[in-house]
Amino acid sequence: MSTTALFFTLIFVAFAILLSFWQRIGLEKDIMIGTIRAAVQLIAVGYVLQFIFQLKSWSLIILMLAIMITVATLNARKKGKGLPGVSWRIAVAITSTEILTMGLLVGLKIIQTTPQYIIPISGMIIGNGMVVSGLFFNRLKSEMETRREEINVYLALGATSKQAVSSVMQNTVKASMLPTIDGMKTVGLVQLPGMMTGMIVAGANPIVAVRYQILIMYSFTSAAAITAILLGILTHRLLFTKAHQLIDHL
Amino acid sequence: MQKLIAVENILKNNLHGQAILNGITASIIEGELITIIGPSGSGKSTFLSLINRMTDPDAGTLFYKAKPYLEMDVLQLRRKIGMVFQMPTMLPGTVRDNLLVGPKLFRETVTEEELDNLLDQVALPRSIKEQEARSLSGGQKQRVSLARTLANRPEVLLLDEVTASLDPHSSEGIEELIQELHRQQGTTILWVTHNLKQAKKIGQYTWVFADGEIVEQGKTIEVFERPLHNVTKDFIADAFDKEEVLTL
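Just so you know, the protein sequences line up as chains L and B, in that order. Note that my numbering gives residue 140 to position 140 of the first sequence, counting from 1, and the numbers run on in steps of one. Note that my numbering gives residue 22 to position 22 of the second sequence, counting from 1, and the numbers run on in steps of one.
The set of hints was computed from the structure by calculation and includes no laboratory data. All residues carry an ideal CB built from backbone N, CA and C; glycine is no exception. Some hints could be false.
What the hints assert, rightly or not - So these bits of chain L aren't anywhere near chain B, every CB distance computed over 10 Å: (1) Ala39; (2) Ile52; (3) Leu60; (4) Leu105; (5) Lys109; (6) Gln116; (7) Lys174; (8) Pro179.
What the hints assert, rightly or not - No farther apart than 27 Å at their CA atoms in a straight line, the calculated lysine-lysine pairs in the BS3-like style are these: (9) Lys242/L to Lys67/B; (10) Lys162/L to Lys104/B; (11) Lys65/B to Lys242/L; (12) Lys104/B to Lys242/L; (13) Lys162/L to Lys80/B.
Based on the provided sequences and hints, a complete structural model is requested.
In structure tokens form, the structure reads like this:
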């Protein structure tokens, strides 16, 4: 795509701003900020990636992945506001997911160990981990609100905190994994995923693009399961005291 | 009869540091049926939660058969001191599933005959076993809650306003059940209630809570007929006045 063509894409933004102004929706400022941020962030990351791809330095790849995990953690932790120690739990869950998934992809020689493969695929895995973590804490909070009495009944009957909260955790893990599984069921029928579309537009053979998309979808499934289950294991202790008492202020 | 539970200088604050229980010292003798009354927010329900360690005090000590709570296994303690809540929350599954929760937690088997006996105790038909627990009426649910707690064979039963969400007919049924249970098995019972007629009718002993303290305790008839503390006098008079107005 030429720079002129890229420049012309601003017409779409102008169109959105005009519509917002005409209908008095009041989103003009947000659209402008979003447009500038998207351009600056993507151009910056483009140059960073180009730099890393040329250098092929492992320390830079790891630094890039660490930044991705940090940003994902900071974003997802907003959903777990009020729970102490939630940040490191999310960081551990996403990092473990990345290590396990990448370990399998590289170990089984499914992808090459070059920055061109590792960084974009890691980005997608980490991004999905961020979404799964957000969904996990959203659901956990609502489950704890609505099923507090049920948990207390289990505790009063002599259940451990783990036993008392097991059904809540099952529902929470399930709810945070479902969008990934549903996405897999409808992919190709409802929409063509961004990565595959990007590859096809960039001139890749659609069959090659589909193969990579399948790789991503399958690895997403295990990544979602790993993130959600790890969060389940790490989080249940946050809700109770050592004497199996439900903490009041949650 | 031995002293079953003793509490000494119990202090409990809320999250904002305000006192809910303010230096409570009391003891419960085996086989007693104690009704606990007092204005809303006086600390009655918090007191019950402390008795089966659903929460811990900020200061003070609780003893079960002279052994400090903190030296006991909390899960075993909760089994010995069963608690039934105001809202009859049914756990997923059938009535049978609900009744088996406690024994299963402690890897115990329950015979069909024992299940039937539990249902007999709470005056529910044996045929109700396979019914979905959440489909039952409020009164039936509270009976299942009671039977579910009794399945653990508790030595002490804590009842936290167990009839508050029930209609008068169901409420009377539960009162009769508890009285019968106490008569037949001599279970020690602490019953928190807002219903003073109920407290007077059921209790052997009554404790009056106000501002996080037990301001009066004694035989139920004496507390109601000849209250000593001004708080008790005002609370009882006020509550009975309101009831009279409501029944006019």
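So, going through the hints one by one against the coordinates:
1. Ala39: For Ala39/L, whose nearest Cβ neighbour in chain B is about 47 Å away, the distance exceeds 10 Å, so it holds.
2. Ile52: holds (49 Å)
3. Leu60: holds (47 Å)
4. Leu105: Correct as stated: the minimum Cβ-Cβ distance to chain B is 39 Å, above 10 Å.
5. Lys109: The claim holds: Lys109/L sits with its nearest Cβ about 46 Å from chain B, beyond 10 Å.
6. Gln116: holds (50 Å)
7. Lys174: Non-interface label stands for Lys174/L: nearest chain B Cβ at 15 Å, farther than 10 Å.
8. Pro179: It holds; Pro179/L is separated from chain B by about 25 Å at its closest Cβ, greater than 10 Å.
9. Lys242/L to Lys67/B: holds (20 Å)
10. Lys162/L to Lys104/B: holds (15 Å)
11. Lys65/B to Lys242/L: Answer holds: Lys65/B to Lys242/L is near 23 Å, not above 27 Å.
12. Lys104/B to Lys242/L: With a Cα-Cα distance of about 22 Å, the restraint between Lys104/B and Lys242/L holds, given a limit of 27 Å.
13. Lys162/L to Lys80/B: holds (20 Å)
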